[in-house]
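Chains as they are written, first to last, in numbering that gives the first Met the number 0: chain A, 0 to 135; chain B, 0 to 135; chain C, 0 to 135; chain D, 0 to 135.
The set of hints was computed from the structure by calculation and includes no laboratory data. Just so it is clear, the structure is predicted and the values come from calculations on it, not from any experiment. Hints may be right or wrong, so weigh each one.
[Said to hold, decoys possible] Straight-line distance between alpha carbons at most 27 Å, and here's what the computed DSS-like set of lysine-lysine pairs gives: (1) 118/C with 11/A; (2) 118/A with 11/A; (3) 48/B with 48/A.
So the chains spell out like this:
There are 4 protein chains.
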Amino acid sequence: MTFSMNQKVLFKHCDPAGIVFYPRYFEMINDCVEAFFAECGTPFEVLLKSAGVPTVQIAATFTAPSRHGDQLVLALDVLRIGASSLDLEINADADAGAARRFTANSTLVYLGVAGRPTKWPDALRLSFTSHLRSTP
Amino acid sequence: MTFSMNQKVLFKHCDPAGIVFYPRYFEMINDCVEAFFAECGTPFEVLLKSAGVPTVQIAATFTAPSRHGDQLVLALDVLRIGASSLDLEINADADAGAARRFTANSTLVYLGVAGRPTKWPDALRLSFTSHLRSTP
Amino acid sequence: MTFSMNQKVLFKHCDPAGIVFYPRYFEMINDCVEAFFAECGTPFEVLLKSAGVPTVQIAATFTAPSRHGDQLVLALDVLRIGASSLDLEINADADAGAARRFTANSTLVYLGVAGRPTKWPDALRLSFTSHLRSTP
Amino acid sequence: MTFSMNQKVLFKHCDPAGIVFYPRYFEMINDCVEAFFAECGTPFEVLLKSAGVPTVQIAATFTAPSRHGDQLVLALDVLRIGASSLDLEINADADAGAARRFTANSTLVYLGVAGRPTKWPDALRLSFTSHLRSTP
Numbered sequence: 000m001t002f003s004m005n006q007k008v009l010f011k012h013c014d015p016a017g018i019v020f021y022p023r024y025f026e027m028i029n030d031c032v033e034a035f036f037a038e039c040g041t042p043f044e045v046l047l048k049s050a051g052v053p054t055v056q057i058a059a060t061f062t063a064p065s066r067h068g069d070q071l072v073l074a075l076d077v078l079r080i081g082a083s084s085l086d087l088e089i090n091a092d093a094d095a096g097a098a099r100r101f102t103a104n105s106t107l108v109y110l111g112v113a114g115r116p117t118k119w120p121d122a123l124r125l126s127f128t129s130h131l132r133s134t135p
Numbered sequence: 000m001t002f003s004m005n006q007k008v009l010f011k012h013c014d015p016a017g018i019v020f021y022p023r024y025f026e027m028i029n030d031c032v033e034a035f036f037a038e039c040g041t042p043f044e045v046l047l048k049s050a051g052v053p054t055v056q057i058a059a060t061f062t063a064p065s066r067h068g069d070q071l072v073l074a075l076d077v078l079r080i081g082a083s084s085l086d087l088e089i090n091a092d093a094d095a096g097a098a099r100r101f102t103a104n105s106t107l108v109y110l111g112v113a114g115r116p117t118k119w120p121d122a123l124r125l126s127f128t129s130h131l132r133s134t135p
Numbered sequence: 000m001t002f003s004m005n006q007k008v009l010f011k012h013c014d015p016a017g018i019v020f021y022p023r024y025f026e027m028i029n030d031c032v033e034a035f036f037a038e039c040g041t042p043f044e045v046l047l048k049s050a051g052v053p054t055v056q057i058a059a060t061f062t063a064p065s066r067h068g069d070q071l072v073l074a075l076d077v078l079r080i081g082a083s084s085l086d087l088e089i090n091a092d093a094d095a096g097a098a099r100r101f102t103a104n105s106t107l108v109y110l111g112v113a114g115r116p117t118k119w120p121d122a123l124r125l126s127f128t129s130h131l132r133s134t135p
Numbered sequence: 000m001t002f003s004m005n006q007k008v009l010f011k012h013c014d015p016a017g018i019v020f021y022p023r024y025f026e027m028i029n030d031c032v033e034a035f036f037a038e039c040g041t042p043f044e045v046l047l048k049s050a051g052v053p054t055v056q057i058a059a060t061f062t063a064p065s066r067h068g069d070q071l072v073l074a075l076d077v078l079r080i081g082a083s084s085l086d087l088e089i090n091a092d093a094d095a096g097a098a099r100r101f102t103a104n105s106t107l108v109y110l111g112v113a114g115r116p117t118k119w120p121d122a123l124r125l126s127f128t129s130h131l132r133s134t135p
C-alpha cells in the first residue's frame with residue numbers, strides 16, 4: 000500500500016525562476032519519510048532518541064518543474080527491506096497524478112545506540128512490509 | 000572594532016521575485032554570529048559541546064531588497080555585554096557600504112551545561128569587549 | 000477572528016541542540032502569512048503574479064525552545080491595516096496553548112506592478128478587517 | 000582541472016544528531032556549481048537573466064557523516080559536455096582529502112529564452128572543456 004503525503008508548493012520552495020529549488024524537494028522527501036515512519040507507528044521524534052536512520056544514498060530525476068501553488072502528492076513505496084536497511088521510491092505528481100514532477104530512490108540505514116547498523120525492530124519491519132510495492 | 004563578514008547573494012537565497020527571501024537573511028545573521036564567535040577564539044563547534052547560545056530575541060528592518068549577485072557585507076557590533084547575555088547589532092550593506100539592506104538587533108544568552116543562564120567565560124567576555132561599539 | 004495554522008516541529012527544523020533553529024521559525028511565519036492570504040481569498044501564487052508583499056520589518060521573542068515532535072499552533076492577528084501596509088502579530092504555542100514558544104510582530108507592504116507601495120485591493124482589505132484583533 | 004570550493008560545516012547545516020542534514024548537502028552542491036559557473040566566466044546572476052540551467056537529475060552517496068566544524072572541500076569535475084547538457088561529479092572530502100563524505104553526480108541542462116534546451120554558448124563550452132576530468 001502506497002503511503003502518500005500532500006504538499007502544496009509554497010513561496011519558500013521557489014527560486015528566482017519561479018520553480019521549486021531542488022534542494023527543497025529533498026526537504027519534502029525527508030518530510031515524507033518522517034510522516035511515513037509516524038504512520039508506521041514509530042515517529043522520528045521517538046525513534047531518534049536512541050537511534051538514527053540516515054539516508055545513505057539518494058537519486059532523483061526531476062521530470063518537470065513545479066510552480067508556486069502546485070498541489071503535489073508524494074507517493075512512497077517500500078522497494079526492499081534489508082536487515083538494517085530500507086530502499087524507498089518516492090514519486091511526486093501534480094494535477095491529480097497526471098503530471099510527474101520527480102522520481103526519487105533512497106536507501107536508509109537503521110543505526111542503534113552505538114551508531115552501528117542494527118536490525119529493524121520487529122514492529123517497524125512489519126509496518127514496512129505492508130508498504131512493499133508488491134503488496135496489493 | 001566592528002566584525003565583518005562578506006556574503007555574496009546566491010541563487011539559494013532568492014525568491015520568485017528575484018530578491019533575498021528574508022528567512023535566508025536570518026541564516027546569514029546566524030552565520031555571521033558563528034564567525035564572530037570563532038574570531039573571538041571560541042568557535043560554536045567547541046562552545047556548543049557543553050553549552051548553548053540561543054538567540055532569545057531578534058528584530059530586523061529590511062531597508063531595501065538584495066538581488067542575486069549582490070556583494071553584501073554584514074557588520075556586527077556588540078552593544079551590551081550582560082552577565083550571561085549579549086546584545087548585538089548587525090547591519091548589511093551592498094555597494095561598498097553605499098546601500099543599507101537591513102539592520103538587525105539580537106540578544107543571545109549563554110546557557111551552561113544545565114541549560115541555565117551562566118556567566119560568560121572570561122576569555123569570551125574580553126573578546127566581546129573589544130567589539131563593543133563604543134570601543135575605538 | 001484569529002487565523003491559526005498547525006505546525007508540527009519536524010526533523011528539518013531542529014538544530015544540534017535538538018531545538019528549532021530560529022531561522023526555521025521565520026519560514027513557519029512566512030508559511031502562516033501565506034496560508035492567511037489564501038484564507039483571505041487571494042493566495043500568494045495569484046497575488047504575486049502582478050504584485051509583491053515584502054516583509055519590511057519583523058521582531059520576534061523566543062520565549063521557550065520547541066523540540067522535535069512538538070505540536071505548535073501559530074495564531075495570527077491583524078493589528079493595523081494601513082493604506083498599503085499591514086501589521087501582524089503571530090504567536091506560537093505548544094501544549095494546546097499552555098506553552099508560548101514565540102511572539103512575532105511584522106509589517107508587510109503591498110507593492111503594485113511598478114514595485115511601489117499601492118493601496119490594498121478592497122477585497123483583501125475587507126478580509127483583513129475581519130481578522131483585526133479588536134474584532135470580536 | 001578540478002574546480003574546488005571550501006565549505007566549513009556550520010551550525011545551520013546540522014541536525015539533531017549533530018551531523019549535516021542531507022538536503023543541506025544539496026545546497027552546498029548548488030553553491031559549488033554556482034561558483035564553478037562564475038569561475039567559467041558566466042556567473043549565475045548574469046546567465047539566469049535570459050536562460051536557465053536546471054538540474055534534471057542528481058544522485059548522491061553519503062559515505063560518512065560530517066560534523067559541525069568540519070572543513071570540507073567540494074571538488075567538481077566535468078564528466079561529459081552535451082550539446083545542451085552537462086554531466087558533473089562532485090566529491091566532498093574532509094581532513095585534507097583523507098575522508099570522503101559524499102560523491103554526487105548530476106546533469107544540468109541549458110535552457111534558452113524560450114525555456115527549451117539550447118546549445119551551450121561557445122565561451123562556456125570552452126571553459127567546461129578545461130574542467131573535463133580527462134584533461135590533464
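Open item on the list: Hint by hint, where does the structure go against what was stated? Just the numbers, ascending.
Closed with: Of the numbered hints, just 2 does not hold.
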